[in-house]
Structures are given as C-alpha cells and as structure tokens.
Amino acid sequence: MRLDEFSANEKVERNYERLIYCCAINFYSQMYKIAVPGDLLSEETGRAGEGTYVEDGKVYASRYGVLNEKGEIKVMALSGKYVPTQGDVVIGKVVEISFPYWIVDIASPYEARLHSSEFAGAGRGAGSNARGRGGREGGARGSGTRESAARGSGTRESAARGSGTRESAARGSAARGRGAREERIEFGDMKKYLDLDDLIVAKVAKVDALMRVDLALEEDFKIGRGSGGGSGGGRLLEISHTKVPRVIGRSGSMVRMLKEKCNCSIFIAENGRIWIKGSEENMNLVSEVISKIVSEAHTAGLTDRIADFLEPFRGNK
Amino acid sequence: MNEEREKEEEAVEKRELIKDGKRLDGRGFEELRPIKIEVGVLKRADGSCYFELGENKVIAAVYGPKEMHPRHAQDAKMAVVKFRYNMAPFSVDDRKRPGPDRRSVEVSKVSREAFEPVIMREFYPKAAIEVYVEILQSDAGTRTAGINAASVALADAGIPMKDLVSSVAVGKIDGQVVLDLNGTEDNHGEADMPIAMVARTNTITLLQMDGHLTAEEFGRGLKLAMGACRQIYELQRAALIERFSSSSNSGSKSEKRGE
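Top line first, the protein sequences correspond to chains Z and Y.
Position in the first sequence counted from 1, then plus 8, gives you the numbering used here.
Position in the second sequence counted from 1, then plus 137, gives you the numbering used here.
No wet-lab data here; the hints were simulated from the structure.
Careful: at least some of the hints might be erroneous.
To be verified - Footprint (simulated), chain Y over chain Z, 3 or more residues, beta carbon under 8 Å:
1. 78–87
2. 117–126
To be verified - Pairs of lysine-lysine, DSS-like flavour, derived with a Cα cap of 30 Å:
3. Y:Lys299 x Z:Lys66
4. Y:Lys263 x Y:Lys246
5. Y:Lys180 x Z:Lys300
6. Y:Lys203 x Z:Lys214
7. Y:Lys159 x Y:Lys144
8. Y:Lys246 x Y:Lys360
9. Y:Lys219 x Y:Lys299
10. Y:Lys214 x Y:Lys173
11. Y:Lys144 x Z:Lys66
12. Z:Lys300 x Z:Lys267
13. Z:Lys101 x Y:Lys214
14. Y:Lys233 x Y:Lys144
15. Z:Lys78 x Y:Lys159
16. Z:Lys199 x Y:Lys180
17. Y:Lys180 x Z:Lys41
18. Y:Lys360 x Y:Lys233
19. Y:Lys203 x Z:Lys300
Said to hold, decoys possible - Counterexamples of contact, computed for chain Z against chain Y with all Cβ distances above 12 Å:
20. Val74
21. Ala213
22. Arg264
The model shown is predicted, which means the values in this text are computed figures rather than measured ones.
Where is the CB? At the ideal position from N, CA and C, for every residue including glycine.
Could you build all of it, start to finish, from the sequences and the hints given here?
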C-alpha cells in the first residue's frame, strides 16, 4: 500500500488501520485466514489447489473464503452454488414430470433428470411396483429405511467404507437395468412412482459438457415429500454446499457427535441438503446446531465448541 | 444546509470551483470522498454490498449462478453476466422517472463489460450471473460506486474471480486535473472520466470520457486514478476480511444458551 503517495482522507486511513487490526486478529485468535479474489498466495505453482488459479508462475486466490495452506493451497469458499460432479450423492426434489424423465431440482443452477427406467428396477427389488411403494409409505419400513440411510452417510465419511457402498450401488443399478427391460413405466403412470415435491436420494451418474445431469437412484432413495417430510416424518435442512465438510467434520467427527447427542438420524448430501429424522424436540436441536455450525464455519476449533454446546444434552433420549 | 448550497452556487457563478488550493467541499486535488463499505447486507441475495462514496449511496445484489432465461440467450461455454444499473426515483433532486432509460442502459452495459474479464465464467456453462446495482442517492460518480459495490457483492456470492475490480473517476475543474468529482464539480467542470481497473495489475476494464482533456492531462488523470483504485481496492478487501473477523462473538452467545 502506498498511502504516503496520496493525500488520503481520514476515512481511508481509518479503514486501513482496521485492515491491519483484522490481520492481527487473524494471527492471534482462533480465526482462519481469509483470502479474497486476486490475493497472491504463493509462488509454488505445484501446490495450487481448489479456489486458486495460476498466472505468470504465481498462485492467486479465485474465491473469497478460508485459506488452507497445509499441503495443497486451497481457498474454501464460504458461499457459492453447487455444481454437480459425477459420483456425488445428492438430495433432489421432483419439480416436473416429462416422460420418460423426472426433472429433479438439486439445489444447483442445473436441473437434473432421472430416467423412468431407473425406477422400474428399484421398484422390483423392493416389491415390484406402485403398490409396493404404497406399502412403504404406510410406514412398514419407516425406521429401517432411516437406519440404513444414516449408515449411508457414515460410509461417505470414510473413504475405505465408501468404496463398499459404491460397489453395492453398482450392483443395484445392474439389477435395475434388467428390471427396466422387463417392465416399462407407462406414460401416465410416472407420478405413481414419484410425484411432484417428492424428495429422493440419488447419485449423479453423468454430467456432460452441456451440464445435462443424469441421476441414478440410491438404495432407500425415497425420503419424503416437501420440507416437512410428509407422512414419514423427518425434516429437510438446506445449507450452502460449501459448508458440508464442516458439518461432517474431520473424518466424520462432527456428524457422529450430532447423531449421538441428538439421537437423530442425519443424512448429509453433497449438494447441501440434510435430511434429519428423530423426535420433534431432537430435530429442533439438530437444526439449531447445524445453523450454528453454518454461521461459524469460518472459525477454528468448531467441533470442540459444538461439543461444549451439546454437553448439557448428554443422554437425550 | 441551505447556506452551504447558496455559497456553492455563488462560487459556481463566479467560476470558482477551486479556492486557495482547495475544492468546494474542502478536499485537495488528489483526495477521494469518504468511503464506507458493508458486506452481506441483504439476506435473500446470494451476495450483496452497501457502498457509500461521499453523498453517493449504492446497494449491489448478486444472484446466481442460476438457470439462464430466456434459453436462447444461454452460452454453452460460459455463464452470461447480466448487469442492471438502476437509479431510484428519489436518488436525484428532481424525481427521476422510474425505469430504464438511455443512460442507465449504457451504464449497465459498460459496467457489465468491466467485470467480464475477471469473472471466471467458464465454470458455469449455460448459467446466468445477475448483478443488480441500485442507486439510492446520487452525487456524481454513481457508476464507479456501483462497480465497486458489485465487485464486493460478487466476491460475497462466492463467484470465482481473478481479482476485484475497483473504480474511480477523474476530471478537470478550473483547468485542474482532480480526483473523484462531486455533483457540482461534475456539472460545472470541463471533463469527467470514469475508470475501472484491476488495481493489482493496472488492467483497465472501463474507461469513458465526457469533455476535453489534453494528452498530458489524460496521462496525469490516469495515474491519479490508478493510485485511487489501489486505495479503494484495499478498502474493499478490508471490508471482505472484516466480515469474517467480527462474527467471532457468536461463541459467547452459545454459552448463554447452554446453561
């Protein structure tokens, strides 16, 4: 800064002092360092990671967020829209039925589509057709479904177990493929399987250069309807996808703690949607804690602070 | 207030915009008006910023990236930037007729083009990034204030950018090249030249001129603007950093709740 070269007014100087003060805060307190687009981060281009770009042999920030210089230099944005990539598990909401696709909103600038053949096979596995689904909605499998979805989120936290799920998902879709040939969903029947506002858990199967997104259903894909969860109970929370890693915590520590202390099943999808299920009281607690995590996502030592916060709730049943 | 205005009008009549080496509002030739920046002032927008430059009061909101409508205007390779500059009816002395006019369409276009080199649009093919700049109160230099606000709002929305854009105007009054004209100076001066640039690299992304400057004056004005943009850049950056430094007190709030 070359303030001395220009007769800056008081306001400018005051703000500049504040800048120095902020840097000091970052240095001394439990704050992460914040990067702003255009900040020079390093001259080691080999370490350039997410949220950075390289120009003239130097690494600059391309996003506004938390700077992480351990190993790869990354800027973790604190806001921004979700862009689907292949393999992501997302929670989607059916917004349109356009034979033979369901158009699914995945909290992204790009809508996804789910082909009707995806459903036919899955329906077969769980009891053939629309009637089978009706039984599920009646609550016959309610708790069982939730349990395994909770386990699902657990697997995503650790890479080793994660590959296990992927394999089973692959097997699942193979079965579905066979199912599709045997029974086809007719033109008018699509909403018997999935209707508008239904919430589904799906994996992003393919994203092409034109950002057309194809989904594949996950096991126990159907989780509810609307944000209230419909007949099955449960609740949908929406946060910025950039804060999902903080809600999960290092190797899943945060979400594990939340599940234990709040006695809720919690399923976190990569697009920032979170499905929780438990007693009304416990769900309120979970949403409160998650909104706290979201508002403090830029601070260090977050898991410890949340642990302190949850301490009085130990043994909550 | 009235007295002040009378004095000003008198000075203008005498063709005295500069007196004793000072301008009418007491500033030196190379001095900016006071600046105030606030980040994230709107809850519903994806990114927002409130910006004050002297008597200018501007709010910028950013939405997106989102689906582009109309579809035929989509770009298969990169996001489309939409920029709307709009003056509130109450932003000027005589009520401004609401709605887009020739001037605001032009300002919107040049402002959009001031951002296109820095926004990494190829990250979001087919999508749209919408920037809305609302002028609440105007006193010359609103397009520069709008660009400064939009720049911070874009960063706040998490849009990938190569750098922040900073903007300032230079002009000529009473034969002197000065920085950041105010309303009276703009109305009675000889030239007004708004400039937007990436302060770090001195890459100019917007340059317009109204009036006459010699080549030498132009060069001096440009140099002046470069220095001022650097100052504004530091303020923009400080405002963004401060946003995530001040909310650390929410930890104490949680303590109260736990008990």
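How the hints compare with the structure:
1. 78–87: holds (count 3)
2. 117–126: Result for this restraint: holds, n = 3.
3. Y:Lys299 x Z:Lys66: holds (12 Å)
4. Y:Lys263 x Y:Lys246: holds (20 Å)
5. Y:Lys180 x Z:Lys300: holds (16 Å)
6. Y:Lys203 x Z:Lys214: Given pair Lys203 of chain Y, Lys214 of chain Z holds - Cα atoms ~20 Å apart, limit 30 Å.
7. Y:Lys159 x Y:Lys144: holds (15 Å)
8. Y:Lys246 x Y:Lys360: Between Lys246 of chain Y and Lys360 of chain Y the Cα gap is close to 25 Å, so the pair holds against 30 Å.
9. Y:Lys219 x Y:Lys299: holds (18 Å)
10. Y:Lys214 x Y:Lys173: violated (37 Å)
11. Y:Lys144 x Z:Lys66: Judged against 30 Å, a Cα distance of about 54 Å means the pair is violated.
12. Z:Lys300 x Z:Lys267: holds (16 Å)
13. Z:Lys101 x Y:Lys214: Holds: Lys101 of chain Z and Lys214 of chain Y sit about 27 Å apart, inside 30 Å.
14. Y:Lys233 x Y:Lys144: With Cα atoms ~26 Å apart, Lys233 of chain Y and Lys144 of chain Y stay inside 30 Å; holds.
15. Z:Lys78 x Y:Lys159: Violated: Lys78 of chain Z and Lys159 of chain Y sit about 52 Å apart, past 30 Å.
16. Z:Lys199 x Y:Lys180: violated (35 Å)
17. Y:Lys180 x Z:Lys41: Holds, because 24 Å separates the two Cα atoms, which is no more than 30 Å.
18. Y:Lys360 x Y:Lys233: With Cα atoms ~34 Å apart, Lys360 of chain Y and Lys233 of chain Y exceed 30 Å; violated.
19. Y:Lys203 x Z:Lys300: Within the cut-off at roughly 27 Å; holds.
20. Val74: violated (8 Å)
21. Ala213: holds (19 Å)
22. Arg264: holds (20 Å)
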